[in-house]
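Construct all of the structure, not just a fragment, from the sequences and the given hints.
2 protein chains.
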Amino acid sequence: MADKVNRFREKCRLVHDLAEVQQLLDWDQQVVMPRKGAEQRGLQQAALAGVVHSKLTDPEMGELIADLKAAGGQDEDLKADLREAERAWSRAVKIPPELVAERAKACAMAQVAWEEAKEADDFARFRPHLERVLELTRETAAAIGTPNPYDALLEDYEPGMSEEALKAVFSQLREGLIPLLDRIQGAANKPAQEVLKRHFPAQAQERFGLQVVADMGFDGAAGRLDRSAHPFTSGTLADVRITTRYDEHFLNMALFGMIHEAGHALYEQGLDPKRFRDPSGQACSLGIHESQSRLWENLIGRSRPFWACYYPKLQSAFPGVLDDVDVETFYRSVNVCEPSLIRVEADEVTYNLHIILRFELESALLHRQLEAADLPEAWRAKMKAFLGIEPPTDREGVLQDIHWSAGLIGYFPTYALGNLFGAQFMETMRRDVPDLDRRLEAGELRVVKRWLNEYIHVHGRRYLAPELCEKVTGRPLSVQPALSYLQTKYGEIYGF
Amino acid sequence: MADKVNRFREKCRLVHDLAEVQQLLDWDQQVVMPRKGAEQRGLQQAALAGVVHSKLTDPEMGELIADLKAAGGQDEDLKADLREAERAWSRAVKIPPELVAERAKACAMAQVAWEEAKEADDFARFRPHLERVLELTRETAAAIGTPNPYDALLEDYEPGMSEEALKAVFSQLREGLIPLLDRIQGAANKPAQEVLKRHFPAQAQERFGLQVVADMGFDGAAGRLDRSAHPFTSGTLADVRITTRYDEHFLNMALFGMIHEAGHALYEQGLDPKRFRDPSGQACSLGIHESQSRLWENLIGRSRPFWACYYPKLQSAFPGVLDDVDVETFYRSVNVCEPSLIRVEADEVTYNLHIILRFELESALLHRQLEAADLPEAWRAKMKAFLGIEPPTDREGVLQDIHWSAGLIGYFPTYALGNLFGAQFMETMRRDVPDLDRRLEAGELRVVKRWLNEYIHVHGRRYLAPELCEKVTGRPLSVQPALSYLQTKYGEIYGF
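Line by line, the protein sequences are chains A and B.
Under numbering that gives the first Met the number 0, the residue at position 401 of the first sequence is numbered 400, and the numbers go up by one with no gaps.
Under numbering that gives the first Met the number 0, the residue at position 249 of the second sequence is numbered 248, and the numbers go up by one with no gaps.
Where hints are given, some of them may not hold.
Copies of the same chain look alike in the list, so a pair counts if it fits in one copy or across any two.
[Said to hold, decoys possible] Derived BS3-like pairs (lysine-lysine); straight-line CA-CA distance at most 30 Å:
1) LYS3 with LYS54
2) LYS488 with LYS104
3) LYS189 with LYS10
4) LYS381 with LYS189
5) LYS35 with LYS273
6) LYS104 with LYS10
7) LYS3 with LYS104
8) LYS312 with LYS189
9) LYS10 with LYS35
10) LYS273 with LYS104
Please keep in mind that the hints were generated in silico from the structure rather than gathered at the bench.
Given below as structure tokens:
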């Protein structure tokens with residue numbers, strides 16, 4: 000059996016190493032690749048995808064998993080590895096390669112069509128492509144064979160979660176957020192926005208942001224920071240790269256973007272070095288990943304204790320620019336809440352509603368309860384219901400996100416799950432570290448990193464997200480921590 | 000048969016695409032990878048090497064090659080593809096995988112030992128590692144099975160060339176160079192070196208260098224320039240990356256380094272886009288590759304017509320620095336000839352002697368005509384004989400180059416071949432473009448690029464290097480063009 004265990008682990012690790020390469024090629028494409036290199040990069044990625052697919056569907060892998068599971072008696076880690084490897088193997092063998100190829104092709108075409116449709120504000124141009132992607136996505140879900148097709152898709156991003164569970168959680172969340180948003184909108188005392196729109200030279204933004212992420216514990220010898228059109232985090236353990244972009248007339252974009260990506264990066268740098276190449280040694284789920292980035296960005300980076308420490312440093316980083324702004328004014332300015340059309344620019348409160356809207360719509364599309372043709376109208380109606388505003392164009396509405404064109408259905412919910420998991424983890428961290436605020440005021444951001452390292456990062460995927468949440472916080476995922484955090488914080492800022 | 004041709008081409012192209020990925024990982028490691036990422040990078044490269052090896056030794060590939068060759072009647076391109084694929088396949092199947100692994104391990108250890116030995120100026124520390132590498136290299140050559148083991152090694156870098164042919168060429172070259180060097184050393188009129196050692200800010204060096212390589216025809220949308228410890232060129236066709244390094248007190252390093260690497264890059268960018276993924280569509284050999292870089296660096300970049308155009312631009316690029324230096328003084332300064340200890344810093348004349356020395360020594364080592372223990376002494380003796388100087392330390396002698404520790408035996412000759420091929424191509428180019436010097440004086444560097452594109456680049460590896468040389472220049476490789484170029488140029492500079 001020891002031989003089979005070794006053989007199993009070796010095969011899994013090989014797939015992991017190749018997946019690291021795939022990710023690196025993507026980083027390269029987004030950050031440094033010369034413009035004309037795209038076609039060759041596509042061929043390289045296709046070659047690697049073929050290799051990885053053949054390793055994932057290798058019959059010997061299926062036999063090893065079956066034999067080892069039948070033998071039983073393994074330790075917790077190996078059991079978790081078998082569970083994760085089995086899910087990956089069974090998905091890979093169930094989806095016919097022709098369907099994978101056809102869906103990839105349809106998505107590539109849909110992304111081009113989406114870009115053109117967005118540019119021209121013409122949903123009709125995108126519609127047939129969306130329909131085709133949905134059709135092939137339904138076929139994919141059917142091949143996987145879960146009773147609810149949405150669950151088959153969700154499993155890829157958030158294993159252990161179900162559409163039913165999401166519906167329950169999101170409806171509670173929505174019911175808590177809409178009245179909160181009403182109270183915020185009714186308040187007279189609005190935070191100033193002008194202070195964030197002064198001139199902040201990119202180089203000084205970079206220097207300040209690098210200082211913050213270093214203080215968080217981001218290891219610069221095991222990672223790097225670059226610029227890219229869309230910020231993201233790439234890599235794992237000892238080579239984790241984050242990107243950002245700078246707007247010299249809007250401080251938030253790079254600053255909170257860097258803290259957000261560094262939150263993802265700390266997770267990857269914090270995995271168990273002995274297990275990070277094993278199936279259950281990698282990060283738990285997209286929702287847990289997002290909990291790390293959002294916790295750092297919002298629960299730490301937009302908190303009063305954080306700015307008590309960092310505001311004087313920020314003022315020195317931009318000499319003269321913020322001399323007339325006190326820390327309280329600044330704190331309130333980075334915590335403004337205001338319904339807006341674009342998800343990626345939304346604040347902590349409304350962001351969740353943007354996600355719930357997308358979840359409800361993609362679910363209805365997948366289950367054929369909504370026709371693609373009726374999507375723009377449904378989008379506007381939900382925006383009105385949730386946020387009280389309607390996009391004047393589809394470009395600022397249904398066409399704003401790339402996800403559906405890329406076949407990413409079941410992905411949006413993980414963003415809101417990140418907020419929920421993050422708030423619930425934070426509640427527990429506050430219990431474990433009673434003087435947390437005092438320590439944040441002293442700039443000891445590493446306290447947060449160490450707690451996350453110990454309770455979240457090092458476990459990797461040993462437990463699925465719902466189980467991890469219970470292990471760490473002592474109870475199942477709940478909307479209460481997020482709602483009470485938001486109610487307290489925004490009640491105090493807006494004075495109700 | 001058409002089916003088999005397709006299948007054959009598909010398999011070859013897949014190997015090519017994966018080889019591009021291997022090269023990109025190496026570029027990344029040398030240019031942007033965080034320090035701690037080395038171990039993971041090693042695992043990624045090992046995973047890819049395993050995949051590529053299994054594709055290269057795939058029995059179906061052997062059958063396809065045999066069937067297609069037996070069927071015959073193919074066009075020239077397919078014949079060349081079969082020839083190249085057969086060489087790669089047969090090398091891959093002949094060398095036992097255990098030997099490949101053992102040699103790779105021995106080389107990895109030898110490189111570490113070489114670095115330490117060089118640092119400590121202690122050849123004895125390197126000697127056992129060199130012996131081990133030589134032993135495994137002899138075994139590798141024996142597995143390949145050419146009558147002369149050196150030819151088996153050479154074949155990997157310079158297919159179509161033999162040790163016997165190299166001996167003949169290099170002895171003529173040496174016999175021509177040594178008296179030339181004597182006359183140069185006897186001349187009274189030495190070029191000034193001080194002008195090159197003034198202060199040249201790195202940013203201005205980069206800007207000027209980028210202008211020159213753009214004028215040469217380097218396509219910046221299909222490539223990029225970065226800094227690295229050791230300059231190199233990576234990639235092919237639409238993604239070709241060059242690197243350089245800057246010494247603010249020595250103009251030559253970055254300037255001629257960039258022109259050199261851009262010469263390599265133009266070759267890769269100039270391959271046939273329809274054939275670059277096929278076995279005979281890639282660059283011909285290391286010697287032909289080096290002919291491109293050396294032709295640009297020396298025959299163009301160190302020529303009087305080039306500086307007639309670029310010297311005023313250089314003066315403007317470094318305001319005030321070269322005001323007191325006229326173009327003739329500058330031209331002579333970049334063409335100084337002086338025996339020196341270090342190959343990579345050698346001039347056009349002595350560089351070849353450094354290579355011939357290494358060729359003769361590595362040949363003697365491989366054939367057991369020289370013991371590793373006697374190598375330092377043999378090195379000093381040959382330095383004395385060829386260049387009239389002796390290294391005071393092994394660090395400046397036998398320990399200066401990484402190649403032997405990396406198992407690169409049979410590789411050095413390609414550097415000198417590059418000089419010979421380059422001079423011979425240039426002679427033909429001058430015949431085809433009679434007003435070449437006038438056009439260079441006008442800054443029309445693209446004339447050179449277009450000629451090289453048409454006569455060298457587009458052929459890829461359709462012909463092996465000796466055949467390509469004959470096709471392009473109308474006669475076999477000869478030392479005469481290089482010798483007469485050097486005699487004329489240096490006779491004029493040194494006044495004899």
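Against the structure, the hints come out as follows:
1. LYS3 with LYS54: both (16 Å within a copy, 25 Å between copies)
2. LYS488 with LYS104: neither (46 Å within a copy, 59 Å between copies)
3. LYS189 with LYS10: For LYS189 and LYS10, the Cα distance exceeds 30 Å both inside one copy (57 Å) and across copies (64 Å).
4. LYS381 with LYS189: within (25 Å within a copy, 83 Å between copies)
5. LYS35 with LYS273: between (39 Å within a copy, 15 Å between copies)
6. LYS104 with LYS10: For LYS104 and LYS10, the Cα distance is within 30 Å both inside one copy (29 Å) and across copies (21 Å).
7. LYS3 with LYS104: This pair counts as between: shortest inter-copy Cα distance 26 Å, intra-copy 37 Å.
8. LYS312 with LYS189: within (25 Å within a copy, 58 Å between copies)
9. LYS10 with LYS35: between (35 Å within a copy, 24 Å between copies)
10. LYS273 with LYS104: Intra 37 Å, inter 22 Å, cutoff 30 Å: inter-copy only.
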